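Q: This is what each chain is made of:
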Amino acid sequence: MLQILKRSINKLIITTSAFFVAIFSNNLNADWFALNMTRGSTAVSEEVFELHMLIFWICVVIGVIVFGVMFYSMWRFTKKKNPEPSDFHESTKLEIAWTVVPFLILIFMAIPASQTLIKIYDDEEGDINIHVTGYQWKWQYEYLEDDISFFSNLSTDLDEIYNLVPKGEFYLQEVDEPVVIPAGKRVRFLITANDVIHSWWVPDFAIKQDAIPGFVNTAWTVVDKPGIYRGKCTELCGKNHGFMPVVVKVVEQDEYDSWVNAKKEEAYKLAELTEKDWTAEELSARGEGVYQVNCVACHQVNGQGIPGIFPALAGSDIVMNDKERNIEILMEGVQGAAMNSFDYLSEVELAAVITYTRQAWGNAENGDGEIVLPKDIVDYKKPKI
Amino acid sequence: MSAVIENHHDEHHHGPAKGLTRWLYTTNHKDIGTLYLWFSFAMFLIGGAMAMVIRAELFEPGMQIVEPEFYNQMITLHGLIMIFGGVMPAFVGLANWLVPMMIGAPDMALPRMNNLSFWILPFAFFVLLSSLFMEGGAPNFGWTFYAPLSTTYAPPSVTFFIFSVHIMGASSIMGAINVIVTIMNMRAPGITLMKMPLFVWSWLITAYLLIAVMPVLAGAVTMMLMDIHFGTSFFNAAGGGDPVLFQHIFWFFGHPEVYIMILPAFGIVSHIIETFARKPLFGYTSMVWAMLSIAILSFVVWAHHMFTVGMPLAAELFFMWATMLIAVPTGVKVFNWVTTMFKGSITYETPMLFACAFVVLFTIGGFSGLMLAIVPADFQYHDTYFVVAHFHYVLVPGAIFSIMAAVYYWIPKWTGNMYDERLGQLHFWLSFISVNVTFFPQHFIGLAGMPRRYPDYALQFADWNMVSTVGAFLFGVSQILFLFIVLKTVIGGKKATDQVWEGARGLEWTVASPAPYHTFSTPPKVD
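From first to last, the protein sequence lines are chains A and B. Residue 1 is where the first sequence starts when you use my numbering, and the numbers rise one by one after that. Residue 1 is where the second sequence starts when you use my numbering, and the numbers rise one by one after that.
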């Protein structure tokens, strides 16, 4: 009996200590000391941090005084130590004091807060203006001066999310293509959304602006130090709300210039691809990649969708037999449903992804198996007479 | 008036009916109060179970237990159930039990409507919870249901959600009308407005807030219904509508709503502190004025929930200053409570422990609220766990602690039995420690940059999330103990005296324990 008891106590000690070791051993890259707001990397974020600390310390001081009096009273005026309670229950002087004094403290806080806010609201144009659009569940960046446009998707592997492989250092904070801005320049972001409301947040710049369909909000920053800055979507936008991070790469001016040129080159090459003669296999292979990035969140890897919310593509009559309508849905979206227009994708990407869905999951065998060429998309885009 | 009283007198001999029909057909304020309280406790457990799912998923980075889609359903239902099913009905239950006894009235003014306003509630929540089993799942857009995520992009069950919100709204409005009519017309002679117990005052103000804003919520969900089914575009930008309009309407309801959930708590805590300090409440008049100012200010601060939607500078400044102003009357209340204890003769029974914890932890929630009012800093706090920590501090150790304090304080009057003081104290300490272990680290997680409503998170947030989850499960288990204590008290226990607490004041302590089925059939004499 004693043996069993001893053994189970031992077991308990081992499991408990394993638990605490797990907590305290700084497992993964977890950080026990991430307790406070970041100071950030811009003049504005610095100022916001100082403001935050000012208000915090004022609250601490008030708290120490109020709780001090309270704890003292709780300790000093127990029934044992003070059997006869006083009848002290009114004092106009006190009431006036503790109305006026907090009011003055509030004014003292409101002044710097208002000043900082006015600074943030300075709405001048930037040296570089970037149009940021939130989609379910990715960000699009369009550089207004340079005519560059691309999407930025989470690049963390699904296997990491589902705990099949160890998580990387920047788990859920990494993207396939970060937005690049030059150091020391005033950059203005014009923020909107294409479907539901998102919010574009980069803590290091103290920028958080909601991305709202039908509205364009602005935010600006000047970042002096090159580096990678990570942020997140902060407005609930559906199931992958937690999986659409923001990554901003700040580089020196000359590096920025060569990046711009490379992006332009890339766009030119993509346009050339539209003219190429494509086979079904080539399109399907390319389309699978497009599908993984743009479609898989709703329609799922197996094309089955989610019953009741996102329709299945596998076995869908339109996907199997109605090429015209299939293109139309991709280009126009479906009114009143979560399916949006994907006309922002290139002709090659559109043709490839439609072809992929028409070939995959047995759709080719069960349907007409027709493929869609980039040319079909170009034709669709021509004004109809 | 006197005719009514005599009628009641004849019914006296009956007492409660037997069996289930007693509860179905009852028009007795005490029975209905009991129904409300048990219903809210059931909802508290269901909403709490959902919180456990949320915290279990957040125990470690990565997706382990649920899918993001279901996670969103959990956060949505957790919020809706705790607010509309947990906190609000609990306060209505307390109002039913206490308001008539505190003002020397025989019952609520509109007893049949009282029955109706309770009995539609279970149906509202049945409809809401049944959406979990519908194709496409339950509502998944957060308890704030921002359009267009809750309209164009919502699962089909959103229509049932709208219907259930309408029923909850109707119930709340009827409850509020009943409270106002009762307080305005049925006070015993001599109880002038400025002699009313503070709980009655707090509920009078709360009831006016409810009548003012519940129709606004009904309007918002009706517009959603029109957008979804009848081709309108109130909130659809593509049709010329305005998604931000939804947020303005919602928060015009939503901000007074958060005070609806805290004003009755102010009333409760004031009674408990004066009882156990054995000293009259400090600054009664200023307490009333503070609650009135808080209520009025609550109508002009709604947009502080929306500092990041891109409002013009003037609007941001106005809503920042107006919000900061609320700290003044709130501060007055806290100072009055502290000064009531000063030079008192205090003992620490369970209700007093909960009340003291309320004052401290609610004030901490108030501090973070003040920080959130500062717009430039709010750009960093907004929609992070800092906000989650803030509103859980004012709702859990705020509103919910006050409800528990009220149950311990008045249950001897309700049942005639004293609760088990040792178990009560154990329940308090477990709840007090675990609530802080749960929610205090969320301040850190939020400041470090973790957004709310995330099913999965980056690695730097792992440690404090783990601590928070451990706390949450401890808090959850502690509430089973609460259930046990209440049941034990209902069944038996040391008999309570009529006065129950040495320092208690008020008419409810002049009647027998347990309170007879009908009290104050003839109005009491009050000087």
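To be clear, the hints were calculated from the coordinates, so they are not data collected in a lab. In this text the structure is predicted, and so the values were computed from the model without any measurement. Heads up, some of the hints might be wrong.
Claimed, not checked - Quick list of in silico lysine-lysine cross-link-like pairs, BS3-like style, CA-CA up to 27 Å:
(1) A:263 with A:323
(2) A:225 with A:263
(3) A:249 with A:276
(4) B:18 with B:525
(5) A:269 with A:119
(6) A:93 with B:195
(7) A:225 with A:276
(8) A:276 with A:185
(9) A:382 with A:276
(10) A:80 with A:119
(11) B:488 with A:80
(12) B:495 with A:93
(13) A:264 with A:381
(14) B:195 with B:343
(15) A:225 with A:119
(16) A:79 with B:343
(17) A:185 with A:81
(18) A:80 with B:495
(19) B:18 with B:343
(20) A:81 with B:195
(21) A:185 with A:119
(22) A:119 with A:263
(23) B:494 with A:79
(24) A:375 with A:263
(25) B:343 with A:80
(26) B:18 with A:79
(27) A:225 with A:185
Q: Look at each hint and say if it fits the structure.
A: For each hint, the structure was consulted:
Between residue 263 of chain A and residue 323 of chain A, the direct Cα distance comes to roughly 32 Å. Violation of the 27 Å bound is thereby established for this hinted pair. A hinted pair counts as satisfied when its Cα atoms are at most 27 Å apart, and residue 225 of chain A with residue 263 of chain A qualifies at roughly 23 Å. Distance check on the hinted pair: residue 249 of chain A and residue 276 of chain A sit about 34 Å apart at the alpha-carbon level, beyond 27 Å; violated. At most 27 Å may separate the alpha-carbon atoms for a hinted pair to count; residue 18 of chain B and residue 525 of chain B exceed this at roughly 33 Å.
The straight-line distance between the Cα atoms of residue 269 of chain A and residue 119 of chain A is roughly 43 Å, outside the 27 Å bound, and the hint therefore fails. Simply put, residue 93 of chain A and residue 195 of chain B have alpha-carbon atoms about 22 Å apart, close enough for the 27 Å limit, and the pair holds. Simply put, residue 225 of chain A and residue 276 of chain A have alpha-carbon atoms about 43 Å apart, too far for the 27 Å limit, and the pair is violated. Proposed proximity of residue 276 of chain A and residue 185 of chain A is contradicted: the alpha carbons are some 40 Å apart, above 27 Å.
About 19 Å separates the Cα atoms of residue 382 of chain A and residue 276 of chain A, which keeps this hinted pair within 27 Å; it holds. With a C-alpha separation of about 57 Å, the suggested pairing of residue 80 of chain A with residue 119 of chain A is violated against the 27 Å cut-off. For the proposed pair residue 488 of chain B and residue 80 of chain A, the alpha carbon gap of about 30 Å is over 27 Å, so the pair is violated. At roughly 44 Å between alpha-carbon atoms, residue 495 of chain B and residue 93 of chain A are farther apart than 27 Å, so this suggested pair is violated.
Among the hinted pairs, residue 264 of chain A with residue 381 of chain A is consistent with the structure: their alpha-carbon atoms are about 23 Å apart, no more than 27 Å. A hinted pair counts as satisfied when its Cα atoms are at most 27 Å apart, and residue 195 of chain B with residue 343 of chain B qualifies at roughly 24 Å. With a C-alpha separation of about 21 Å, the suggested pair residue 225 of chain A and residue 119 of chain A falls inside the 27 Å cut-off, and the hint holds. For the proposed pair residue 79 of chain A and residue 343 of chain B, the alpha carbon gap of about 10 Å is at most 27 Å, so the pair holds.
For the suggested pair residue 185 of chain A and residue 81 of chain A, the alpha carbons sit about 68 Å apart, so the restraint of at most 27 Å is broken. A threshold of 27 Å between alpha carbons decides the hint, and for residue 80 of chain A with residue 495 of chain B the separation of about 25 Å falls inside it, so the pair holds. Distance hint between residue 18 of chain B and residue 343 of chain B is unfulfilled; the C-alpha atoms sit about 49 Å from each other, more than 27 Å. The suggested pairing of residue 81 of chain A with residue 195 of chain B is violated, with an alpha-carbon distance near 32 Å, which exceeds 27 Å.
Between residue 185 of chain A and residue 119 of chain A the CA atoms are separated by roughly 17 Å; this keeps the pair inside 27 Å, and the hint holds. Restraint check for residue 119 of chain A and residue 263 of chain A: not satisfied, since their Cα atoms lie roughly 34 Å apart, outside the 27 Å limit. Proximity of residue 494 of chain B to residue 79 of chain A is assessed by CA-CA distance (about 23 Å); at most 27 Å being required, the pair is judged to hold. Between residue 375 of chain A and residue 263 of chain A the CA atoms are separated by roughly 24 Å; this keeps the pair inside 27 Å, and the hint holds.
Our distance criterion of 27 Å between C-alpha atoms is met by residue 343 of chain B and residue 80 of chain A, whose separation comes to about 12 Å. Proposed proximity of residue 18 of chain B and residue 79 of chain A is contradicted: the alpha carbons are some 45 Å apart, above 27 Å. With a C-alpha separation of about 11 Å, the suggested pair residue 225 of chain A and residue 185 of chain A falls inside the 27 Å cut-off, and the hint holds.
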